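A.B. asks: Sequence:
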Amino acid sequence: QVQLVESGGGLAQAGESLRLSCSASGSSFVFRANAMAWYRQAPGNQRELVATINSDSSTNYLESVKGRFTISRVNAEKKVYLQMSNLKPDDTAVYYCNKFPPRPYNWGQGTQVTVSS
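Residue numbering for the sequence shown follows the working numbering, beginning at 1 and increasing consecutively.
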């Protein structure tokens with residue numbers, strides 16, 4: 001069983017930065033072999049894919065966050081990070097990490113990011 005715990009969210013003003021962290025645990029989870037991703041869900045919207053990082057650390061981003069967000073991973077620590085810069089009010093959402101593609105049973109509580117204008 002994999003457990004994913006997100007942290008680092010909070011309140012920010014437009015233009016500011018936040019860094020989200022995701023810690024993975026589970027004795028059978030070979031973290032380094034899995035593609036991971038950050039997702040977000042804004043009120044009234046469906047959850048959307050924000051960024052992915054493959055086992056070889058190649059990355060992909062939602063068009064609207066390209067150039068502002070950076071996903072990274074530290075396999076030895078079983079952690080995935082999302083550095084968010086130049087935040088915009090449209091980035092307000094609950095942010096989740098999960099495998100890519102996501103596994104339904106792996107969704108954690110997420111971390112709330114609120115960006116004020």
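Derived from the structure by calculation, the hints contain no laboratory data. As the structure is a prediction and not an experimental result, all values here were calculated from the model. Where hints are given, some of them may not hold.
[Stated by the list, open to error] The calculated SDA-like cross-link candidates involving lysine to any residue, where the alpha carbons are at most 20 Å apart (straight line), are:
(1) LYS79 to GLY8
(2) LYS79 to GLN13
(3) LYS79 to SER57
(4) LYS66 to PRO89
(5) LYS78 to SER57
(6) LYS78 to GLN13
(7) LYS78 to ASN106
(8) LYS66 to PHE100
(9) LYS79 to SER64
(10) LYS88 to GLN13
(11) LYS99 to ASN54
(12) LYS99 to GLN13
(13) LYS88 to SER64
(14) LYS88 to LEU62
(15) LYS79 to ARG19
A.B. asks: Confirm or reject each hint.
C.D. replies: Now for the hints, and whether the structure bears them out:
no.	hint	result
1	LYS79 to GLY8	holds (13 Å)
2	LYS79 to GLN13	violated (26 Å)
3	LYS79 to SER57	holds (13 Å)
4	LYS66 to PRO89	holds (16 Å)
5	LYS78 to SER57	holds (13 Å)
6	LYS78 to GLN13	violated (30 Å)
7	LYS78 to ASN106	holds (15 Å)
8	LYS66 to PHE100	holds (18 Å)
9	LYS79 to SER64	violated (24 Å)
10	LYS88 to GLN13	holds (8 Å)
11	LYS99 to ASN54	holds (10 Å)
12	LYS99 to GLN13	violated (29 Å)
13	LYS88 to SER64	holds (10 Å)
14	LYS88 to LEU62	holds (14 Å)
15	LYS79 to ARG19	holds (12 Å)
Hint violations for this structure: numbers 2, 6, 9, 12, all remaining hints satisfied.
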